[in-house]
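Student: Sequence:
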Amino acid sequence: MAARFGSLRLYFLVVLLLIGIVACQAAPATTPPTAPQAATVTAPTTAPQAATVAPTVRVAAPADREAALVEAAKKEGQLTIWSVSGEYVPQSLVKFQQRYPFIKINAVKLGNTEIAQRVLAENKAGLHNVDVIHVPVAQLLDVRKAELLEKYDWPNTAAWPKEIRTSGDGYYSVFMAVYNTVAYNTKLIAAKDAPTSWEALIDPKWKGKTVISLSPTEQLLLSAAMWGKDGKLDWDKATKYWDDFFRVVAPATTSSHTPAATMLAAGEYSLWVTSPTSVVTRMARDENAPIALTLISPIAGPSRGIAIVKNAPHPNAAKLLADYWTSTEGQVEFAEAAVQTPMDPKAVALSQSSRDLAKLDLFMLPIEVTTAENTKRSADYWNKMLGVK
Numbered sequence: 003m004a005a006r007f008g009s010l011r012l013y014f015l016v017v018l019l020l021i022g023i024v025a026c027q028a029a030p031a032t033t034p035p036t037a038p039q040a041a042t043v044t045a046p047t048t049a050p051q052a053a054t055v056a057p058t059v060r061v062a063a064p065a066d067r068e069a070a071l072v073e074a075a076k077k078e079g080q081l082t083i084w085s086v087s088g089e090y091v092p093q094s095l096v097k098f099q100q101r102y103p104f105i106k107i108n109a110v111k112l113g114n115t116e117i118a119q120r121v122l123a124e125n126k127a128g129l130h131n132v133d134v135i136h137v138p139v140a141q142l143l144d145v146r147k148a149e150l151l152e153k154y155d156w157p158n159t160a161a162w163p164k165e166i167r168t169s170g171d172g173y174y175s176v177f178m179a180v181y182n183t184v185a186y187n188t189k190l191i192a193a194k195d196a197p198t199s200w201e202a203l204i205d206p207k208w209k210g211k212t213v214i215s216l217s218p219t220e221q222l223l224l225s226a227a228m229w230g231k232d233g234k235l236d237w238d239k240a241t242k243y244w245d246d247f248f249r250v251v252a253p254a255t256t257s258s259h260t261p262a263a264t265m266l267a268a269g270e271y272s273l274w275v276t277s278p279t280s281v282v283t284r285m286a287r288d289e290n291a292p293i294a295l296t297l298i299s300p301i302a303g304p305s306r307g308i309a310i311v312k313n314a315p316h317p318n319a320a321k322l323l324a325d326y327w328t329s330t331e332g333q334v335e336f337a338e339a340a341v342q343t344p345m346d347p348k349a350v351a352l353s354q355s356s357r358d359l360a361k362l363d364l365f366m367l368p369i370e371v372t373t374a375e376n377t378k379r380s381a382d383y384w385n386k387m388l389g390v391k
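In this note's numbering, each residue carries its 1-based index in the sequence shown increased by 2.
Only true hints are included.
Each computed DMTMM-like pair below joins lysine to aspartate or glutamate, with the alpha-carbon atoms no more than 20 Å apart:
hint : residue 1 : residue 2
1    : K164      : E370
2    : K312      : D171
3    : K126      : E149
4    : K231      : D363
5    : K312      : E152
None of these hints come from the bench; they were simulated from the model. These numbers come from a predicted model, not from an experiment.
Assemble the whole structure, with the sequences as input and the hints as a guide.
Tutor: Rendered as structure tokens:
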């Protein structure tokens, strides 16, 4: 996996070596749980064993500090999380709940832009109903700009790459990455016939057989960054590519990922372009859906972050969660539950979902280009091409 995040390309190559080392060391020990096959061209049928993944090392906050947080969190008794992956929060916090059974977790799933909008609106109304938010970094930047994030030291990220660890200046932590790719229906397209390059998509044979969703409004920005050079965005190349794609393929459009995934699995379409790797893998794994990821490479995706909201009603429980989700143990548990790519180097080596994407060239959107101007430019283009006024 040549995952690129500015100068992180070499870092992730080193992590690949760690994967091999961990595998060799783990082989003679216990039998590992059956793991999902996220990026294979056949649909896996075995469910993940997220709750049994046990990293060999857990990076924990100092005992006295954690003890103080625990005592304070016991008095708070609960924790509210707004997450774009809310349906997977319970699976990603199995061990957290075992460790802190006195914390009742209220997990709410909201869309990418809904979370930021809701935080801003509730603050304006003098309401404080959420402790931790988990959203794409672009939305975190909006909330931070409004000075509604609590600064935190994120002690478990000390060994993370500097570009990731320091990107939020303490106001948030980059947490996971999800990549947009192309999926296909395995009953309609043989693995050998699935497209293997972005150029192969611009072909009249895919007309009437392709669906695309409005959800990835950042896709033009992702393409401009992925195809750019020396850290510069190549808007011209990205725009020309997608202009040609929409002109030649004329894909059907949906409002979100869910209907697109459902139609692909039902055989209404052969290809789903800009499909998140996580959604496709989960459907193939958990529902035995006849869908799989193509081996198109490179693929790009935005990073997702977590943050403690200012004036959180349960700040100590929020800090315990922040510590857990940025620990190796918590990173692996979330990655396996939601099929996303963790940031902790040890979690990358231990996560099956990361190993499954190792054959691809992964490009994580640099945070410095995730500006309001760039995201608006991308969204305006995407909405126009998909007929949204």
